[in-house]
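As you go down the protein sequences, you meet chains H and R in turn.
Letter 323 of the first sequence, counting from 1, is numbered 323 in UniProt numbering, and no numbers are missing.
Letter 174 of the second sequence, counting from 1, is numbered 174 in UniProt numbering, and no numbers are missing.
In case anyone wonders, no lab produced these hints; they're calculated from the structure.
Any given hint could turn out to be false.
The list cannot tell twin chains apart, which means a pair is met if one copy fits it or any two copies do.
[Unchecked claim] Under the rule of at most 30 Å between Cα atoms (straight-line distance), these lysine-lysine pairs were calculated in the BS3-like manner:
(1) Lys346 to Lys388
(2) Lys134 to Lys250
(3) Lys336 to Lys16
(4) Lys336 to Lys388
(5) Lys22 to Lys336
The model shown is predicted, which means the values in this text are computed figures rather than measured ones.
There are 2 protein chains.
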Amino acid sequence: MTTVAEAVQLITAQAKSFGKEKISIDEAYNRVLAQPIIADRDYPPFNRATMDGYAVQAADFLEKGMNSLQVLENLFAGGVATQQVTSGTCIKIMTGAPVPQGADAVIRVEDTRQEGKTVYFTTTASRAGQNIAKQGEDARKNDILIPQNQWIDATVMGGMAVTGYAEVLVEKLPKVAIISTGNEVVQVGQEVQSHQIRDSNTYAIRSFFRHYQIQSPVTILAPDSKTALTEAIQSVLDTNILVLSGGVSKGDADYVPEVLQALGVQQIFHRIQIKPGAPLWFGTLPNGGAVFGLPGNPVSVQVACRLFIEPYLRTCFGTRLREPMLLPFLSQKPKKAKFDEYFPCKIVTEGAISGLVSLRNNSSGDIGATLGSDGIALHPHDTEMLIKDTPVQFFFW
Amino acid sequence: MTTVAEAVQLITAQAKSFGKEKISIDEAYNRVLAQPIIADRDYPPFNRATMDGYAVQAADFLEKGMNSLQVLENLFAGGVATQQVTSGTCIKIMTGAPVPQGADAVIRVEDTRQEGKTVYFTTTASRAGQNIAKQGEDARKNDILIPQNQWIDATVMGGMAVTGYAEVLVEKLPKVAIISTGNEVVQVGQEVQSHQIRDSNTYAIRSFFRHYQIQSPVTILAPDSKTALTEAIQSVLDTNILVLSGGVSKGDADYVPEVLQALGVQQIFHRIQIKPGAPLWFGTLPNGGAVFGLPGNPVSVQVACRLFIEPYLRTCFGTRLREPMLLPFLSQKPKKAKFDEYFPCKIVTEGAISGLVSLRNNSSGDIGATLGSDGIALHPHDTEMLIKDTPVQFFFW
Numbered sequence: 001m002t003t004v005a006e007a008v009q010l011i012t013a014q015a016k017s018f019g020k021e022k023i024s025i026d027e028a029y030n031r032v033l034a035q036p037i038i039a040d041r042d043y044p045p046f047n048r049a050t051m052d053g054y055a056v057q058a059a060d061f062l063e064k065g066m067n068s069l070q071v072l073e074n075l076f077a078g079g080v081a082t083q084q085v086t087s088g089t090c091i092k093i094m095t096g097a098p099v100p101q102g103a104d105a106v107i108r109v110e111d112t113r114q115e116g117k118t119v120y121f122t123t124t125a126s127r128a129g130q131n132i133a134k135q136g137e138d139a140r141k142n143d144i145l146i147p148q149n150q151w152i153d154a155t156v157m158g159g160m161a162v163t164g165y166a167e168v169l170v171e172k173l174p175k176v177a178i179i180s181t182g183n184e185v186v187q188v189g190q191e192v193q194s195h196q197i198r199d200s201n202t203y204a205i206r207s208f209f210r211h212y213q214i215q216s217p218v219t220i221l222a223p224d225s226k227t228a229l230t231e232a233i234q235s236v237l238d239t240n241i242l243v244l245s246g247g248v249s250k251g252d253a254d255y256v257p258e259v260l261q262a263l264g265v266q267q268i269f270h271r272i273q274i275k276p277g278a279p280l281w282f283g284t285l286p287n288g289g290a291v292f293g294l295p296g297n298p299v300s301v302q303v304a305c306r307l308f309i310e311p312y313l314r315t316c317f318g319t320r321l322r323e324p325m326l327l328p329f330l331s332q333k334p335k336k337a338k339f340d341e342y343f344p345c346k347i348v349t350e351g352a353i354s355g356l357v358s359l360r361n362n363s364s365g366d367i368g369a370t371l372g373s374d375g376i377a378l379h380p381h382d383t384e385m386l387i388k389d390t391p392v393q394f395f396f397w
Numbered sequence: 001m002t003t004v005a006e007a008v009q010l011i012t013a014q015a016k017s018f019g020k021e022k023i024s025i026d027e028a029y030n031r032v033l034a035q036p037i038i039a040d041r042d043y044p045p046f047n048r049a050t051m052d053g054y055a056v057q058a059a060d061f062l063e064k065g066m067n068s069l070q071v072l073e074n075l076f077a078g079g080v081a082t083q084q085v086t087s088g089t090c091i092k093i094m095t096g097a098p099v100p101q102g103a104d105a106v107i108r109v110e111d112t113r114q115e116g117k118t119v120y121f122t123t124t125a126s127r128a129g130q131n132i133a134k135q136g137e138d139a140r141k142n143d144i145l146i147p148q149n150q151w152i153d154a155t156v157m158g159g160m161a162v163t164g165y166a167e168v169l170v171e172k173l174p175k176v177a178i179i180s181t182g183n184e185v186v187q188v189g190q191e192v193q194s195h196q197i198r199d200s201n202t203y204a205i206r207s208f209f210r211h212y213q214i215q216s217p218v219t220i221l222a223p224d225s226k227t228a229l230t231e232a233i234q235s236v237l238d239t240n241i242l243v244l245s246g247g248v249s250k251g252d253a254d255y256v257p258e259v260l261q262a263l264g265v266q267q268i269f270h271r272i273q274i275k276p277g278a279p280l281w282f283g284t285l286p287n288g289g290a291v292f293g294l295p296g297n298p299v300s301v302q303v304a305c306r307l308f309i310e311p312y313l314r315t316c317f318g319t320r321l322r323e324p325m326l327l328p329f330l331s332q333k334p335k336k337a338k339f340d341e342y343f344p345c346k347i348v349t350e351g352a353i354s355g356l357v358s359l360r361n362n363s364s365g366d367i368g369a370t371l372g373s374d375g376i377a378l379h380p381h382d383t384e385m386l387i388k389d390t391p392v393q394f395f396f397w
């Protein structure tokens, strides 16, 4: 039976870009760059004052022992000096302004006292270059400031803006469809009978995709009938990613694998060595898209989104996978299954280093099992007991 | 001068809810609950089979030594048994179906072989309750499943859906305005002269708010003139949160504090013991809203969003603050400033436990300083050298 690592490998091997598109920087947050961001000029673009103060020649203090200078003019950010700093003179300068010709240091305004056109220094320059960000010290013109396939977070947005990318090439988003299966499943707004449950998986899966800016997947609720399933799946064969929940286990009404294959979906694997979520089914659509058949219980669905659909999506986008952290486990936990076991944990900071505690978890069907968790930790198949202070792999949601 | 902890306290003391509103569950992702989510019935709502198999009386195996039973009927999820399980009989049952009356255990289909109406067991029940999720074991009717003011992530979305909250009361979002100041600052799409720089702060700040579902703040670019600043600020006095960047330090054109106060904005503090970002200004609008005057350099802006605006926002929403983790520092770092110093770090997993390495960081004006970082770590003011394996406070972006 396929291991978790093998499953991830088989899944990511099917990944391919959904194409590229040019969008406005205003829409780019949480998308993925399909081009590198190149420095259009040196950064800083000029020798920039990093403090409010006086632009001076350091040698006036270090070699000539002066303690006062003549102020030639006031220079603001966004301005350019009309004069040159020479020995015995200085220019009052504000943070962000270009250091005038002739000057090689800035003395903070806090260390000075100006009277008329003369400034007296209570502290003097200790070296040339003081309080100056040198042209090109952060990046050189034509440097790759941000590599292609970088995830566009707030830091990347800032870098794109400063280098003038009002528009930017990004990875296209996939078309996604979610089919929640089961005769017992009813829609959230509908009345529910005592032997039925409401559909929660669609909402959990949709939230997962929402994080990736995929706003409106097609969602379908399908009963456990071959006809209904066939119809539902047929209507979304043109998607890039199809996620089903339920119908992939060993029950007599678990028609999902059979119906998928009848519709030309190619099975890559069925069942893997994991708890929860062993019945996982994965295959490819006739158009090359991916099909994830998840078991129907809510914990399995959330675990599979994080461990399997996320790596697929990020590989399609060409962006690096989110690796697990290694953190000390602060509870004790006996082994419950023969497979690798993933269980919801919360980060707590009690001792010198933050660690993990496991949460109450009745079963993989427990509707509250993941509430309040920060992610899932791995209890490896070959470890009988997770004892306190064991380092464990931890996957943030 | 105000410490970081004092600043956070002064800021959060001004926080108040932006009101509540009822929205569809479809819009609720990454919002904050303004009501608790109550279990509308027991969960599970019935004794639920957690495996595909046979619903039996455990005593038939444990006490009566049987190894085959008569199959009365097949029961699917979403169905209800028409008969009762008695000694010597069983009902074939699928995962998710309600366990029929009389049965108290489920034997996995993998451990059986059925011939006609008789099923033979290769493994038998080891206890009553086996493979059954008991009614109410996850939550009891009227239990608070999810407390008020919880952040609505994928796990909470699932909980809301299963309990039938098609609509839900959430905390309203604030009206936000961002004013980027400076004569040297030009808009991203505009031509930039050699002594000018493009506005990146607006994009970084807007991305920060985007994470909180605040999509379209008012954004204004204002030059360093009292008239222009007055006009810009006056136009957004009705917002809940006003963020300015630049103009709060000691330069001769740093008019922001003066103009704010002339417009009736009350100063709570100016300047705090932090690097980068010491000139931070905080006050309250006449309408009770908050004004953050951030220093103009990009690293300060990102640090201030994380350390000061985020706690304000989360306190307004009534949701818990994101506490720093304690992680081992894997580099070495000498002290650069007399204040608490926050510097960009990346998480790396080399040894037994994940730790932090600091990134290249020329200065707080470095446009690339935070690129590739996972967050910021604290170098406390009273620690000369951060040596390898010191636990440090780490704040995820």
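message: For each hint given before, does the structure comply? Return the numbers of the non-compliant ones in rising order.
response: 3, 5
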